[in-house]
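For the protein sequence lines, the chains are A and B, in the order given.
Heads up: the first sequence runs through residues 108 to 224, numbered per the numbering used here.
Heads up: the second sequence runs through residues -14 to 180, numbered per the numbering used here.
Please note that a few of the clues may not be correct.
[Stated by the list, open to error] Simulated restraints on C-beta separations: (1) B:Pro140 with A:Tyr161: 38 to 48 Å; (2) B:Gln94 with A:Lys188: 21 to 31 Å; (3) B:Thr143 with A:Glu126: 25 to 35 Å; (4) B:Gly80 with A:Gly152: 39 to 49 Å; (5) A:Gly171 with B:Val179: 14 to 24 Å; (6) A:Gly152 with B:Asp87: 37 to 47 Å; (7) B:Asp176 with A:Ala162: 33 to 43 Å; (8) A:Gly152 with B:Leu104: 17 to 27 Å; (9) A:Lys168 with B:Lys83: 25 to 35 Å; (10) B:Asp119 with A:Phe151: 36 to 46 Å; (11) A:Lys169 with B:Asn118: 43 to 53 Å; (12) A:Pro220 with B:Lys149: 44 to 54 Å; (13) B:Ser108 with A:Thr173: 37 to 47 Å.
FYI, nobody ran anything at the bench for these hints, they're computed from the structure.
The C-beta atom is built at its ideal place from N, Cα and C for all residues, glycine as well.
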Amino acid sequence: MLLVSSAAWAAGGDPARGEAIYQRCLACHSLEHNRVGPRHCGLFGRHAGSLSGYAYSTAMKKYGVTWNEETLDHFLQNPLKVVPGTKMGYAGVKDPQERADLISYLKQATSDPKTCE
Amino acid sequence: MPITTFQADPIKPVRRSFLSGFGKITLSATAVALLAGQDRLALVGSASAQTTNNDVTILNSALGAEQQAIAAYQLGAESGLLQKPVLDLAVQFQGHHKQHADALAKAVQKLGGKPVAPLKDYSFPKDKLKSQNDVLAFAATLEKGAVSAYLGAVPILTDRELAKAAASILGDEAMHWAVLRQALGQNPVPDAFVS
């Protein structure tokens, strides 16, 4: 599964398309702030379920991965299946290219010093 | 209505059509909320523990988003930036979200789950909300996100009556998004499909 997933993001994503796809996430997430979901600034390299100030599910705290292109690609395919018990009640981003685009955007935006002080 | 209406004159035609359509949208959205709310959610049947847990998770995610929308419209209403009748519209939309939240919380309880509580602070970007359009644009962002959230919930809800109820809420959120876009002088329905 991870090998298949990694092939999708390795093919390259378009951050501009990813920014449009990220609009789907904004009912629950923001880059800067914890809301219904945890904030995304600093996402890459962060251990899953570790952000202070956000009340994660027990399942996410125990997930045991560090967020990177590969782990995000795997999780975003089907959050409820990959981490049963996660609070993220969402079908996932099924299209590999859309995931690649979204991850490409997240990699830029979550490390942007203007947004993520 | 031709799309060129929005592009040719971004203020007067948009405002006029926005206001003239207000009553129809009020009736329609309210009807959807009433018909698709508790009545359908009350039809929730039995399901296995795992699928029920997933449905609870999905409904609680939606409930959290609804609570956030309620708080956002409250912020907008209290900002002093919204002028009538836009203020009335914001309060009306907030009322829809309250109805959604109430129905979702009851459904979670009916499934044996615990409804999530609203956050104490949503850290909204208050410093960036300096005009009525800023508030409307922020609300439109949340409404678009809500449409996507429900679109991501409908296909994975195990209980089909719950999926129908979620779909009807999706329709209401999409109407909010369209009206807000039109008020902003944007094409209210930019695509044939939502995502």
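Within 36 to 46 Å or not, the Cβ separation of Asp119 of chain B and Phe151 of chain A? violated (30 Å)
Take the C-beta atom of Pro140 of chain B and the C-beta atom of Tyr161 of chain A, compute their distance, and say whether it sits inside 38 to 48 Å. For Pro140 of chain B and Tyr161 of chain A the Cβ distance comes to about 27 Å; the hint is violated.
14 to 24 Å was suggested as the range; check whether the CB atoms of Gly171 of chain A and Val179 of chain B agree with it. violated (35 Å)
Should the hint that Lys169 of chain A and Asn118 of chain B are 43 to 53 Å apart at their CB atoms be regarded as holding? holds (44 Å)
So the hint says 39 to 49 Å: do the beta-carbon atoms of Gly80 of chain B and Gly152 of chain A match that? With a Cβ separation near 43 Å, Gly80 of chain B and Gly152 of chain A satisfy 39 to 49 Å, so the hint holds.
Does the Cβ pair Thr143 of chain B, Glu126 of chain A satisfy 25 to 35 Å? Holds: the Cβ-Cβ distance is about 33 Å, inside 25 to 35 Å.
Please test the hint of 25 to 35 Å on the beta carbon pair from Lys168 of chain A and Lys83 of chain B. holds (32 Å)
Asp176 of chain B and Ala162 of chain A, beta-carbon distance inside 33 to 43 Å? Distance hint for Asp176 of chain B, Ala162 of chain A holds at roughly 35 Å.
If I claimed the Cβ atoms of Gln94 of chain B and Lys188 of chain A lie 21 to 31 Å apart, would that claim hold in this structure? Since the Cβ atoms of Gln94 of chain B and Lys188 of chain A sit about 25 Å apart, the hinted range of 21 to 31 Å holds.
Is the distance from the Cβ of Ser108 of chain B to the Cβ of Thr173 of chain A consistent with 37 to 47 Å? violated (25 Å)
Distance restraint hint 37 to 47 Å, applied to the beta-carbon atoms of Gly152 of chain A and Asp87 of chain B: holds (40 Å)
Taking the CB of Gly152 of chain A and the CB of Leu104 of chain B, does the distance hold inside 17 to 27 Å? holds (26 Å)
The structure does not agree with the numbered hints 1, 5, 10 and 13 stated previously, though it agrees with the rest.
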